[in-house]
Structures are given as C-alpha cells and as structure tokens.
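A.B. asks: The chain contents come next:
Number of protein chains: 2
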Amino acid sequence: MTAKMSRRDMDLAATRLKGHIVETPMLTSTEFSARVGRQVYIKAENMQRSGSFKFRGAMNALMSMSSRQRESGVIAATSGNHGLALALAGYRLRVPVTVVLPEDAPLVKRRSIEQLHATVKTYDRREGGRDAITQMEANRCGLTVVPSAEHRWIITGAGTVAVEMLRQAPDLRAILVPVGGGGLAAGTAMVATGIDVIGVEPAAADDTARSIHTGKKVRISAPLTIADSLGHTAPPDLTLNINKRGLADIVTVPEPAIADAMAHLWRHWGLKAEPSGAVALAGLVQALDRLPRGPVGVVLSGGNVDWHTFRSLLDVSMERTDPHDDSQPALPVRR
Amino acid sequence: MTAKMSRRDMDLAATRLKGHIVETPMLTSTEFSARVGRQVYIKAENMQRSGSFKFRGAMNALMSMSSRQRESGVIAATSGNHGLALALAGYRLRVPVTVVLPEDAPLVKRRSIEQLHATVKTYDRREGGRDAITQMEANRCGLTVVPSAEHRWIITGAGTVAVEMLRQAPDLRAILVPVGGGGLAAGTAMVATGIDVIGVEPAAADDTARSIHTGKKVRISAPLTIADSLGHTAPPDLTLNINKRGLADIVTVPEPAIADAMAHLWRHWGLKAEPSGAVALAGLVQALDRLPRGPVGVVLSGGNVDWHTFRSLLDVSMERTDPHDDSQPALPVRR
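Chains A and B are the protein sequences, given in the same order.
All residue numbers for the first sequence refer to this note's numbering, where the first residue is 80 and numbers rise by one.
All residue numbers for the second sequence refer to this note's numbering, where the first residue is 80 and numbers rise by one.
These aren't lab readings, by the way, just hints derived from the structure by calculation.
Each hint should be verified, as a subset may be incorrect.
[To be verified] Not everything, but these chain A residues come out facing chain B in the computed CB check (under 10 Å):
(1) Pro104
(2) Thr109
(3) Cys220
(4) Ala352
(5) Val364
(6) Ala366
(7) Asp368
(8) Arg369
(9) Leu370
(10) Trp386
(11) Arg390
[Claimed, not checked] Some, not all, of what chain A presents toward chain B, calculated at C-beta under 7 Å:
(12) His292
(13) Pro371
(14) Met397
[Stated by the list, open to error] Across the chosen pairs, the derived CB separations fall in these ranges:
(15) A:Pro333 <-> B:Leu172: 36 to 44 Å
(16) B:Asp183 <-> A:Val395: 25 to 33 Å
(17) A:Ala113 <-> B:Lys200: 46 to 54 Å
(18) A:Ala113 <-> B:His292: 24 to 32 Å
(19) A:Pro333 <-> B:Gln194: 26 to 34 Å
Yeah, the Cβ is synthetic: ideal placement off N, Cα and C, and Gly gets one too.
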C-alpha cells in the first residue's frame, strides 16, 4: 500500500487502460481564454466512462489485482462516483462488485449501481464506522477492498489523466485538480513533475489545505459543500504525504465560486459539470495572479449531477454574475 | 454555383481545413444506446469553432475564394450561426466581413458579431428583401456574397463533418442530419454514399420534406419553431436537387420531441445543444423502426443557446418525460 510510485507506473497504467478507458478531449474556449488572459484547456473527464475520472482508478485496480482476487470479488464504501465507477468496471470485466452505501443514500444512486449488477449493502449511519463494516464484510466473503483514493492502483489510474493532458497539450505550464481524498492530485503531481500542479478544495472542506499548511494531518468536522464528492474530513496518509511534497500550491474556493465555474463550463464549453467537477476551474479564477504565465490545464473531474441541482446552481450564478449577458453565444474551440 | 461536386471535393476540403477547424469528437452513451437498442454516436459540432458546424463552410469559403475577393471582403445575410461563423472565420483570416441583420435582431447576437470585428448592417424587415439588400450592398462595396447553404464552398465545407464521422466510426450504417437550407444534408449525402443519410426537419418547418415528397419546390409560410436555425420557407434549388437524390429518407419531428432530444443530450452525454442542434437526435427517436440495423451517427449541429431558453425547454421535457427520474447519473462513453 505504501509501495513507491513513479511516473513510470502511470505510463504503464496508461498502456494497460488503453481501449478500456476513454481518452477524453482537451477543450479550449477562445472567449474564456481571452477573458482570463491565457490559454485554458479543460480536460473533460465528465466524458469518461461512468461520468468521472474515477473509472480510471477503478478499472486499473481490477486489472492490476490477481485473477483470484477478481474471481472472489471486490468491495468499496462510497455512495458517489467511486462506487459507480467500480460497479461499471466490474460489470465490464465480469468481476463481482459490492458497494457499501448508507441506508439513506439517494435511491437513484442505489438504482444506478444495481443496474450495473453490483450488490448493494446498506448500513445505519448512527451505528457508525462504514470502513469497519466494509472490512468486516470483506473478511466474511473474501472480498478485496478498493479504497477511493489511498491505494497505488487508484493513484496510478488517476495519474493517467495527466499523462494524456501532457500529450494533448505539451506546452502546459500548470495543471489544476480538485482535491477530495487526494488521489487525483497525487497521481497528477507524480506525472507532471516539471510544471506546477495546484490542488483546489472547497473552502468548506479544506482538510488537505489545512494539513499541508500546518504540516500535519488536520481533521475537520463534517463538511457542508455543494461539491459532495470532495467532502472529506481528513486526508489519507498516503495521498497527504505525496501531495505535501508534490503540489506547488493548494487553493480554496468559496461555494458561490463553484457554481460560477459550473456556469462558465456550461456557457463557454457547452459542458455539464457536477459541482465537484467545476472546483478546479473555480480555483483557476481565484488564483489567477499566482499562476505561472502560459497555458493552463484544468481537470473537469466529473459530470454526474441531476437537473434540479444543476439548474438551481446555474440560475443563482447567472443572476449574480451576468444578469443581462446570459445569452452570449459560446465560442468553444477544441484543440 | 451549380458546378458538379463529389466526395473528392469534400476530401480536399477536409485537407484544406485541417488545423483551421476542430475535429470534433464522436461520443456514445452506454445507457442511451441500450435504451434504443443500437450504438448511437453523437458528432459534437457544438464544440466546433463558433459553436456550430457552420464554421466549416464559412472557413472553406474564405479559403477557396481568390485573394482579391478576400481582400475586398465578404457579406452574408443571417442573424444566426452562419453570420457568427463567417465573422469568426474572417477574424482569423483577416478578411473583412459584413453581416446583414434585421434591425430587431437580438442585441446579444449583434454584439457577438461585432466583437469579432465584423461590420453589421441593419435593415427594416417591413421594407423586405434582405437578399436584395445584401446584393445591393455587395455591389456597392465590391463584396463577395457568402450564402448560408446554396453554394459549393458551403456544401463541401459541411461535407467534412461526414468525412470525419466515417473515419471515426467506419461501421456506421446511417447518419442523421438536421435540414435547414439543406447544405449539411447535401454534403453528407455526397460523402456517405454507401449508407443511409436521413434528413430531419421540424414538422413546423417542413419545406424540404414537402418539396421532396411532392417532387417540386414547396414554399411554406414563415415557420414557428424553437429550432430557429432551421426555419426556412423554401429549399434552395441547388441543395434540393442534391437532397432529392441523395437522402434515403426525410423525417419530421414535433416541437416537444426537439426539447426531449436536448434533454437526452444533456443527461446522457453532458452536452449543451441548441434546439436546432438536437433535431437530428429527435429524428432518430422518431424513426427508430425505419432505420437500418447497426450503429448510427447523429450530427449535433450547434450549441449556441442562452441559459433562459435552455432551462425552460429542459424543465418542460424533464417534467413530461421523467418526473421522478431526472437525477439518474449519465454514463457517457466516448469512442
């Protein structure tokens, strides 16, 4: 679990995953780039299988484990993109998948996971310890636990995002990534060693930012943020250790800036981002004067958001930022 | 203007335009394909420069004319995607562009075109004949008129969409395209000769469908459709003649089906389509049992739509089609 990782592992993972994952496009916008005074590339991982970059790590995990582990099956505790990604990866590779969800998880998430033939186990939040429950179930049934961030399989899978980005736009001077469990940030930092990798967290879920700034792991109380995939209470040791050394900077963004970034992505790129998926672009706007000159890559990490949420957030943002200008046609440009 | 065109012209145009246009992605959705029982590829021309496929024809026109014509400048009558495309093409190639707009055109369209340094001429709709006004202005200033559909430059430029589609997914058995002036349909029919090319029109703007079905040009009264780019009153001779022979079928769709197709594109592919851009997908749903078996390509022709319009149409569609299921995560997959 703490085995050394390097750029070479990410390149190998990219080769392993070829044909299994989507090489998502890097998209630019003439208008947005003009507005911020530099070329901005969006890495559209909302177009990844399962709707988020998480599919890369999930697929890499299933392909990296022994065939015996695959036959016995895997288990993960998450109600979000990691669970959906693992369910889809298992469905495609015929690996039995169990997803541990809280009893009160949205019905629709449960149904999506079940549609992919995964087994859903529920637990009562009040009886606590979802990780303990997951481990117990894993032991009982001989399942391999697939964590959402703190594992080399997951981190190297996530690192393939940056492998593609640097191939698609070799002139990048910086990459911005959202930080939840920190797996994407860690993988990116290990791939993009020559340029600045900047992590972005919601200010309301700044466990990694605080931990990096104070030099030791900080635990925060349950975060309240629209970026639900990034609502961690403390960074795992493995990713924190990598990100402490590997990130050039870590930026935090207020909630309205996240909704604004969703609106930018819709208007200028024609893309549906979930709130967590727009956090890195919010960080770009926030930290513009701290970035090196030159082209910047921004990871749009996922697009799994329902219409009601999307509409409410864009309504608020359009009204606040640009009440008379919301009909400006986008001029999207793809490299 | 009536010179013969062939697949070879489209291939040459594709070579000419390389590096100047975006090779837009072909995107599939596991979930949507399962729902309609066949692989469906969306050709995402909303990601084309200027936000619609019209940029291909506009750019091809400017690159195909003589340098003398380029120096003197060009003119087009349109308030829509063709005008925006021509303004952007002229901006990039330093060709002076004049766009003839009705006095009451939306301010935002006028501003977008002016931002690209194009000259805007307005006219009073009540005094009629925008084509006459355009020709008069062209004669007065020595400008070359660039029509929106009825010209070989425009048709061969539009044909490059299908050149790319057949390279990206050689197993396509049919392609569906929206029909306004019919330039995209004509170009596609000349490229995809071995498979079925199916035109789709709003039922409220079915001038080409009626003309093909009756065998002679039919003029309809001013169409009222949300697909504003397709609201033509009569097909031009040049495109009608090609489409009469080249289209395997022409399908018409009611207005609510267009809004539903916009909702499908948002939910399953995470893409912003303008109403006209979603018409071909609406046609797919409508004509499912008339299509040949096997993979189908659908052209999403443009994405220039304001938030207010987009939101209203999706609200109505979500409420009608799937009131309890709108939060289902998309599982988009890109080839």
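A.B. asks: Indicate, hint by hint, whether the structure satisfies it.
C.D. replies: Cross-check of the supplied hints:
1. Interface hint status for Pro104 of chain A: upheld, as the beta-carbon distance to the closest one in chain B is roughly 5 Å, under 10 Å.
2. Here the hint on Thr109 of chain A is kept, as its CB sits about 8 Å from the closest CB of chain B, short of 10 Å.
3. Taken as an interface hint, Cys220 of chain A does not check out: its beta carbon lies about 27 Å from the nearest beta carbon of chain B, beyond 10 Å.
4. Because the beta carbon of Ala352 of chain A sits about 8 Å from the nearest beta carbon in chain B, less than 10 Å, this interface hint is met.
5. A hinted interface residue such as Val364 of chain A counts as satisfied when its beta carbon comes closer than 10 Å to some beta carbon of chain B; here the least separation is about 19 Å, so the hint is violated.
6. Given hint, Ala366 of chain A at the interface with chain B, is violated; its Cβ is 26 Å from that chain's nearest Cβ, farther than 10 Å.
7. Proximity of Asp368 of chain A to chain B is violated relative to the hint, the smallest CB-CB distance being about 25 Å (cut-off 10 Å).
8. Proximity of Arg369 of chain A to chain B is violated relative to the hint, the smallest CB-CB distance being about 29 Å (cut-off 10 Å).
9. A hinted interface residue such as Leu370 of chain A counts as satisfied when its beta carbon comes closer than 10 Å to some beta carbon of chain B; here the least separation is about 25 Å, so the hint is violated.
10. Given hint, Trp386 of chain A at the interface with chain B, holds; its Cβ is 5 Å from that chain's nearest Cβ, closer than 10 Å.
11. For Arg390 of chain A, the interface hint holds, since its Cβ comes within 10 Å of a Cβ in chain B; the closest pair sits about 6 Å apart.
12. With its C-beta approaching chain B no nearer than about 34 Å, His292 of chain A sits outside the 7 Å limit, and its interface hint is violated.
13. Because the beta carbon of Pro371 of chain A sits about 27 Å from the nearest beta carbon in chain B, more than 7 Å, this interface hint is broken.
14. Annotation: interface hint on Met397 of chain A holds; nearest CB of chain B at approximately 5 Å, less than 7 Å.
15. Judged by the Cβ atoms, the range 36 to 44 Å given for Pro333 of chain A and Leu172 of chain B holds: they are separated by roughly 42 Å.
16. One distance hint, 25 to 33 Å for the beta-carbon pair Asp183 of chain B and Val395 of chain A, holds here, with the actual separation near 31 Å.
17. For Ala113 of chain A paired with Lys200 of chain B, a C-beta distance near 26 Å fails the hint of 46 to 54 Å.
18. A C-beta distance of roughly 47 Å is found between Ala113 of chain A and His292 of chain B, which places it outside the suggested range of 24 to 32 Å.
19. Between Pro333 of chain A and Gln194 of chain B, the C-beta spacing of about 30 Å keeps the proposed range 26 to 34 Å intact.
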